[in-house]
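Chains as they are written, first to last, in this note's numbering: chain A, 352 to 464; chain B, 218 to 303; chain C, 131 to 296.
Everything labelled a hint here was simulated from the structure, so no lab data went into it.
A couple of the hints might just be wrong.
[Stated by the list, open to error] Just some of the chain C residues that point at chain A, by a computed CB distance under 7 Å: (1) A174; (2) A214; (3) T256; (4) C265; (5) Q272.
Ideal Cβ placement from N, Cα and C applies to all residues, glycine included.
Residues per chain are reported as follows:
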Amino acid sequence: MGAQQIIGAAVTLLGTAFLFLGALGIVRMPDLYNRMQAGTKATTLGNLLTLLGLGILQPAWLVKLALIALFVLVTNPISSHALARAAYRSGVPLADVTVRDEYPEALQEHGEA
Amino acid sequence: MVDLLLDLALSLAAGAALLAVYRLLMGPGAASRAVAMDVLSLIIMPMMAGYALYSGRMIYLDVALVYGILSFLGVTSLARYADKGV
Amino acid sequence: MARLIPILIAIGPLWLLWIAFTGSTDPQELGVGLVAAILVAIVAGGEPFSTATFRIFHPRRFLYALAYVPYLAWAIVRSNLDVARRVLSPSLPINPGIVRVRTRLTSPVGRTVLANSITLTPGTLTVDICDDELCIHWVDVQSENIDEATREIVSGFEKYLEVIFG
Chain A
352 MGAQQIIGAA
362 VTLLGTAFLF
372 LGALGIVRMP
382 DLYNRMQAGT
392 KATTLGNLLT
402 LLGLGILQPA
412 WLVKLALIAL
422 FVLVTNPISS
432 HALARAAYRS
442 GVPLADVTVR
452 DEYPEALQEH
462 GEA
Chain B
218 MVDLLLDLAL
228 SLAAGAALLA
238 VYRLLMGPGA
248 ASRAVAMDVL
258 SLIIMPMMAG
268 YALYSGRMIY
278 LDVALVYGIL
288 SFLGVTSLAR
298 YADKGV
Chain C
131 MARLIPILIA
141 IGPLWLLWIA
151 FTGSTDPQEL
161 GVGLVAAILV
171 AIVAGGEPFS
181 TATFRIFHPR
191 RFLYALAYVP
201 YLAWAIVRSN
211 LDVARRVLSP
221 SLPINPGIVR
231 VRTRLTSPVG
241 RTVLANSITL
251 TPGTLTVDIC
261 DDELCIHWVD
271 VQSENIDEAT
281 REIVSGFEKY
291 LEVIFG
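When you get a sec, could you build the whole thing from the sequences and use the hints?
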């Protein structure tokens, strides 16, 4: 008990707040790409902070929690990138509010269309 | 104080999971559901780590890690399938 | 032989990772870990473990790599707050679009790290890499000009990555 426990719990709470914001993002955002922006990345920070908070509460587990955090940090951009690319190529539309889409030109110029 | 903060954290995480489930059920389309699934697993991983702390058993951290690996593989292979076919 | 070297280099870090995960020095665990590391290295050991990547241990590159970690962390926190503000405001102020940016990085590993860093900072999401151009989904498009977009999104990261992987 003491300051360390309170700080750990507070950091955990902050992390879950970001998890909640990320989930709120995927409900509120208008299209898949924007959902991914809010969803998969606010949750990355949420995940890291929650794990850090748990590590402060239980310092003996810090190494293992750090490994989980590293795993999230490495794999998360890869899966969201793969998903975004696959979604675009299989024709998931952009939202109406989208101001610009230069991807088709880029594909054409580099001969991959 | 600590218990109160952790209770609040748990309710926020549970609320986040509910929101992700809403998107998972409502779609629209397979790709949106895949995103929701990805987010849901990112929410469940720290919850599992929290449960490990609550129960005092370190083995649940390994469970969380394996869960994360499986979900990553699932989402990536789904993306690959949508991109090029199997 | 040239294809064998990356595989041999990959075994070390993979084995270390195994030991970190199991957290035990039991000879049986170490043995199984070594076998697993060799198998994974044969399947996956390639470009990232080529000797070129290991120039990162040059002191100057290493210092820049160390400085890159807090820079990236700060970028993640700052842009997370930005996305949080957008999600929470009732009017949902977004202005999304896909823009192209250019990168000066040439090594495949460097480009991968750049793309992942861009994806990790919310607000920008790498959709695809075509040669020296990245297609990026941007929540709040501030410029449709390729050079300005490059300055806005890529330059900060590139300053470090150019030294690390250059």
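Evaluated hints:
Because the closest C-beta pair between C/A174 and chain A is about 14 Å apart, greater than 7 Å, the hint is violated. The closest approach between the C-beta of C/A214 and any C-beta of chain A is roughly 5 Å, which is under the 7 Å cut-off, so the hint is satisfied. Hint status for C/T256: holds, given a least beta-carbon distance of 5 Å to chain A, under 7 Å. Interface restraint check for C/C265: the shortest CB-CB distance to chain A comes to about 5 Å, inside 7 Å, so the restraint holds.
At about 10 Å, the closest approach between the beta carbon of C/Q272 and any beta carbon in chain A exceeds 7 Å, and the interface hint on this residue is violated.
Checked against the numbered hints above, the structure breaks hints 1, 5 and satisfies the rest.
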